[in-house]
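**Student:** Each chain sits in its own coordinate frame; assemble them with the hints.
Chain by chain, the residues run as shown.
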Amino acid sequence: AQRVTQPEKLLSVFKGAPVELKCNYSYSGSPELFWYVQYSRQRLQLLLRHISRESIKGFTADLNKGETSFHLKKPFAQEEDSAMYYCALRPGDNFNKFYFGSGTKLNVKP
Amino acid sequence: NAGVTQTPKFQVLKTGQSMTLQCAQDMNHNSMYWYRQDPGMGLRLIYYSASEGTTDKGEVPNGYNVSRLNKREFSLRLESAAPSQTSVYFCASSERYEQFFGPGTRLTVL
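Protein chains in written order, with the numbering used here: chain A, 105 to 214; chain B, 1020 to 1129.
Simulated from the structure, these hints should not be mistaken for lab results.
Among the clues, some could well be false.
What the hints assert, rightly or not - Derived pair list, reagent style SDA-like, types lysine to any residue, alpha-carbon separation capped at 20 Å:
1. B:Lys1076 with A:Asn200
2. B:Lys1076 with A:Asp197
3. A:Lys201 with B:Lys1090
4. B:Lys1028 with B:Gln1041
5. B:Lys1076 with A:Arg107
6. A:Lys209 with B:Lys1076
7. A:Lys201 with A:Phe163
8. A:Lys201 with B:Lys1028
9. A:Lys119 with A:Asn200
10. A:Lys113 with A:Ser156
Chain B on its own, in the form it takes in the complex (with noise of 0.2 Å):
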């Protein structure tokens, strides 16, 4: 089993481009995450699902949309990037209380 992958590992955007991070899961698991890690602050949590078709905001949704397309698959999209965002990206699965992360989105946006 893969786990939790993430696509792309890196990227670089301008100011004002729009991209979506991609994020799958093999585990079957209901619930799906994804978080920004800064230098400083830890993770923090931008949205999550808790199953299929639903979706909810975390600590800091502004800036970016979400979308849980089936159980296994959770898309994090920014519709215009700002330099605000430049950050490493995290999408998590979990069922119960442990959560499966996968291995990071490292995002510039100059």
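In isolation and in its complexed conformation, chain A is listed as follows (with noise of 0.2 Å):
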């Protein structure tokens, strides 16, 4: 079975803090990793995925596939960040499949 497991449900940090939000999964297989972001009165919108190995807003994420961990880091945060982060599994199987997290609430005091 696929799970994403995000252990915190809500995360303070200071601006310009560094800010780490942890994402594991359990999936057999080689998954593609995703972070989806909603900001307040937004839309969910994907943020960035694994395989593209780009920085977003200044946000990375590394798969490691050792410790099956798809944790998104920011090394000073802003407080425009301050939204619901959630990490996405789709299986190498079936891509039309997503399985989601339970999501990181990501505040960002001035």
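**Tutor:** Okay, structure coming up:
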């Protein structure tokens, strides 16, 4: 079974502090991993995917297959980063299924 | 482009009533999805449709039916609503890896 775990429901940091949102997954094959973000009063939207290895809005995430993790990091948090973040997994054997974690609310304090 | 639209935005039902949630996308995507979002549980896939004329069960299909009316529209039907179906329902569409979400329907079953 595929599972995505985000252990923190709420993460509060001060502006300028580093932030790391944790995501662990369980899947026996080769998954694709994503981070989605939902800002207040906006729709859920894709932030980044592991394959692209991009930095989006200063965020990066590295897939660690040994630890089955895909943590989201940003060295200096901004107030506009405050949002709900969801880690998601797409199985390698079914590109039409997505499994989401329970989400972490990031609160960046001034 | 409107992207993914959902109707209604809010709905209150009594136990045993039926209703259909409507979803439409104007991005010419092949794949469409229905999720439910419950506190502390993230998004869970109810049903998906990989292409016009096909539908498949997701993680939590019990109590729901879907129809892929055409390439644009994907509806979700509750035949006999139960309080356990109180949730926020999201429709999404995708082409390749990125999912585009609708604004959600907040459903309360009394």
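**Student:** Looking back at the numbered hints, which does the structure fail to meet, lowest number first?
**Tutor:** 6, 7, 8, 9, 10
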